[in-house]
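Could you build all of it, start to finish, from the sequences and the hints given here?
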Amino acid sequence: MPDPRFFSVAGPFTVAELAARTGAEIAGAGERDRVITDVAPLESAGPEHITFLDNRKYLAAFRFTRAGCAIVHPDLAGDAPAGVTLLLTKTPYRGYALAAQAFYPEPAFAPGVAVSAVVDPSARLGEGCRIEHNSVIGARAELGRRCRIGANAVIGEACVLGDDVRVGANASLSHCIIGARVQLYPGVCIGQDGFGFTLDPEGYVKVPQLGRVIVGDDVEIGANSTIDRGAGPDTVIGAGSMIDNLVQIGHNVQMGRGCVLVALSGVSGSTRLGDYVMIGGQAGLAGHLAIGSGARIAAQAGVMRDVAPGEQVVGAPAVPSREFFRQVAALKRLAAKKGN
Amino acid sequence: MPDPRFFSVAGPFTVAELAARTGAEIAGAGERDRVITDVAPLESAGPEHITFLDNRKYLAAFRFTRAGCAIVHPDLAGDAPAGVTLLLTKTPYRGYALAAQAFYPEPAFAPGVAVSAVVDPSARLGEGCRIEHNSVIGARAELGRRCRIGANAVIGEACVLGDDVRVGANASLSHCIIGARVQLYPGVCIGQDGFGFTLDPEGYVKVPQLGRVIVGDDVEIGANSTIDRGAGPDTVIGAGSMIDNLVQIGHNVQMGRGCVLVALSGVSGSTRLGDYVMIGGQAGLAGHLAIGSGARIAAQAGVMRDVAPGEQVVGAPAVPSREFFRQVAALKRLAAKKGN
Amino acid sequence: MPDPRFFSVAGPFTVAELAARTGAEIAGAGERDRVITDVAPLESAGPEHITFLDNRKYLAAFRFTRAGCAIVHPDLAGDAPAGVTLLLTKTPYRGYALAAQAFYPEPAFAPGVAVSAVVDPSARLGEGCRIEHNSVIGARAELGRRCRIGANAVIGEACVLGDDVRVGANASLSHCIIGARVQLYPGVCIGQDGFGFTLDPEGYVKVPQLGRVIVGDDVEIGANSTIDRGAGPDTVIGAGSMIDNLVQIGHNVQMGRGCVLVALSGVSGSTRLGDYVMIGGQAGLAGHLAIGSGARIAAQAGVMRDVAPGEQVVGAPAVPSREFFRQVAALKRLAAKKGN
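Residue numbers (the numbering used here), protein chains in the order written: chain A, 28 to 367; chain B, 28 to 367; chain C, 28 to 367.
You may find that some hints are simply not true.
Identical copies look the same in the list; a pair holds intra-copy or inter-copy alike.
[Stated by the list, open to error] Computed cross-link-like contacts, DSSO-like style, restricted to lysine-lysine with a CA-CA straight-line distance of at most 27 Å:
{"no.": "1", "residue 1": "233", "residue 2": "359"}
{"no.": "2", "residue 1": "84", "residue 2": "233"}
{"no.": "3", "residue 1": "359", "residue 2": "117"}
{"no.": "4", "residue 1": "233", "residue 2": "117"}
{"no.": "5", "residue 1": "233", "residue 2": "364"}
{"no.": "6", "residue 1": "117", "residue 2": "84"}
{"no.": "7", "residue 1": "117", "residue 2": "364"}
{"no.": "8", "residue 1": "84", "residue 2": "364"}
To be clear, the hints were calculated from the coordinates, so they are not data collected in a lab.
Right under this line is the structure:
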């Protein structure tokens with residue numbers, strides 16, 4: 028189903044092979060040997076496709092799917108139309124992800140340096156790198172093996188990239204050390220000066236920004252996001268963290284493993300996040316805070332104080348979510364009162 | 028008045044010609060044959076200029092304008108100083124837009140491919156295209172007629188652009204089908220992976236993003252905005268939609284015709300907008316919502332539920348605007364009470 | 028301490044020299060002739076380093092610092108461990124900034140035009156400019172002396188840059204006049220069309236955007252920020268203003284001297300700011316407002332009315348900060364009431 032101009036499908040796979048790859052169980056008398064050629068959405072899937080149901084909002088579409096195979100939670104198996112072979116798992120979205128990875132593995136690429144790219148003679152490239160058109164690799168930069176540098180991207184002097192890093196088109200990197208398997212999307216800016224200055228009778232005095240950006244392994248950073256380098260300490264993005272588009276990370280921020288930051292959120296300078304902190308879209312965190320591991324910051328929250336590990340906060344200024352929804356309800360009742 | 032280094036003026040036009048082009052009516056004994064050479068703001072316009080009044084905030088400036096001709100609502104004609112020929116219309120801003128288009132038509136450009144541009148031999152360019160310096164056009168890309176690709180822009184493999192598309196400097200496109208007369212401003216990122224992954228005991232599992240971005244005719248997308256491609260379905264931007272700068276559109280979002288999204292707003296994955304939905308600056312919409320045609324989402328609103336056609340919502344969490352302002356007033360009174 | 032791959036240290040300096048450069052006073056019997064080789068954070072500084080304390084949050088680290096010299100407010104001098112030579116000043120962050128500038132002056136650069144850069148023959152470059160790889164300088168552009176244009180940046184036709192301007196990688200400029208010593212970070216977009224159109228029975232009518240962007244001297248504009256050109260009047264950024272990353276400035280905005288805009292904030296079209304206005308992160312200002320000099324807009328505030336000089340506003344819709352915190356407290360009490 029994916030447009031073959033953009034995506035190349037692997038496979039086909041039997042239902043049994045897909046069960047093995049997804050860790051799901053074939054329901055009842057499902058056809059183990061049925062041949063599946065592709066993934067497809069619920070509405071447009073046909074008998075040769077595998078689809079999935081993860082969100083009850085789409086239950087109606089599930090009931091009428093023409094898919095040959097569907098990944099679904101055991102509790103919803105009864106809603107499947109006849110003739111669909113079911114793969115049962117308690118994590119159907121994860122199951123779909125693994126099936127889709129089987130059909131659409133990361134495309135291979137031919138190594139090489141485009142004639143139009145500019146690679147400084149002192150830069151070192153690991154084997155298997157692909158340096159695309161008009162990109163620029165600065166002096167003393169070091170790239171690991173199999174890095175792919177997109178067209179018109181700029182890798183500044185002395186930057187270090189681990190193995191299997193992918194840098195999108197028009198991204199700009201400087202003053203950074205990037206781990207392995209990191210994916211930087213188009214337009215990302217990493218390593219520029221932090222927003223550091225101080226007032227003076229004669230104007231603002233710039234504070235030299237003397238740290239770096241350290242990005243752990245397996246991090247993704249979304250399109251047009253910006254990560255400033257540290258002012259003295261480094262800015263640190265923990266391994267496995269997922270950062271969406273248009274996110275701002277200020278200087279000296281230190282982030283643990285597996286944090287998730289949704290689009291248009293921002294973390295101010297010197298704030299520290301533990302592991303697996305989740306930050307919703309358009310949320311903002313003040314500077315110099317400590318956010319505990321597993322904390323969840325709701326979308327659009329404005330966080331002005333420390334957040335304990337595992338705490339969930341909402342609103343601006345952010346409060347624990349129970350308190351927030353109590354306030355919302357109280358205000359609603361107040362506004363509805365007669366005479367008000 | 029516009030700086031001739033940047034803009035080339037056409038004309039001149041008589042008042043009668045401008046009346047015809049703007050659909051406005053010449054007031055009373057206005058000089059039909061007066062020659063107007065340019066547009067200008069109220070404060071700086073002289074006798075050879077045409078200006079306009081659209082916002083009552085600028086009524087004081089209107090009363091003292093030295094313009095030769097002014098486009099104004101009939102109700103405000105009485106505030107004009109003597110000697111100004113008036114063009115009356117109930118939509119003076121539209122009238123000004125048409126007058127300005129007469130004086131400043133879209134500049135023509137010389138077709139051709141810059142020597143420094145890299146166009147893959149398998150790409151197809153319609154006649155009259157202009158491919159500017161250091162831009163990159165990938166394999167199998169198809170451009171319509173008279174497309175203009177800005178310096179250092181990157182058009183990825185197999186992307187399709189309709190006729191008369193303009194792509195700004197340093198924009199990055201991949202996995203997309205773009206309609207006719209679309210304008211993409213500098214730094215735009217279209218078609219990169221959506222933010223799709225699922226938690227696993229061993230870390231996040233990436234969900235392959237297998238859809239495209241489909242952009243309808245006559246769309247504008249502002250500087251540094253980001254539009255992720257679909258995860259399976261496509262991300263769709265309806266014809267005639269106007270998207271401001273630094274806007275984020277998540278994967279699978281489907282948008283009807285003529286939607287307007289103001290700067291720094293964001294729409295989360297799989298949300299559907301009807302036609303002519305208006306979204307204010309910094310507003311955010313959760314995922315998987317249905318927003319009806321003609322709905323208006325206020326600036327900074329946080330929308331967490333479906334919005335009915337024509338409904339106006341404000342606040343975070345967003346509520347109908349009447350309810351919002353009632354809450355604001357109730358809270359203000361509460362805070363002002365003695366003993367509080 | 029800064030990574031020598033990215034930063035080159037000057038010096039060393041004696042304590043007495045650093046006192047002179049920072050305007051601080053050597054406390055008591057401090058060792059005037061002690062040799063300091065570098066700056067360092069409180070925790071990692073050694074006897075050869077200078078550090079500073081500016082935020083009481085880091086007082087614990089100060090008490091145990093091993094630094095040879097520390098810049099500190101006189102009130103906190105008593106908290107210093109024995110053996111640290113203190114430089115006393117009421118503005119220790121400013122003192123640190125000046126010390127860091129001594130050790131890390133702006134790096135010199137070799138002038139020249141990269142072979143891969145494209146400079147239009149009609150462009151004029153002042154002496155000492157450095158034009159980096161794959162950048163593009165358009166027709167009739169005028170650059171002052173010692174400008175540094177980053178890799179893959181695009182300077183549009185007829186743009187004017189003052190002396191000592193630095194333009195980051197992948198930045199896109201058009202229709203603008205830039206003052207001296209301005210620093211534009213990577214990915215910045217300046218001078219594109221404002222968001223100007225008007226509704227018509229047959230769709231939106233584009234309003235030609237005929238102004239420019241005028242940027243005063245000593246301005247900084249952060250990564251991926253966007254500044255639209257004026258619609259007729261110019262968009263004006265006052266001298267000495269500091270703009271963070273991912274900030275949006277709409278058409279016709281006029282900003283005084285020394286304004287500070289934190290990341291992800293946005294100013295809508297035609298709003299005017301006085302001098303030294305401070306706008307917090309993710310704050311948004313509606314269009315056509317007047318914001319007085321010295322006003323402070325809190326993070327995430329939504330400003331829908333004029334703000335008086337010196338006024339501090341918070342919340343959405345923004346109100347004076349005293350009123351805001353009274354409302355927050357009143358709502359908290361209301362939600363805590365029994366029966367609620």
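Quiz item: Hint by hint, which ones does the structure fall short of?
Solution: 1, 3, 5, 7, 8
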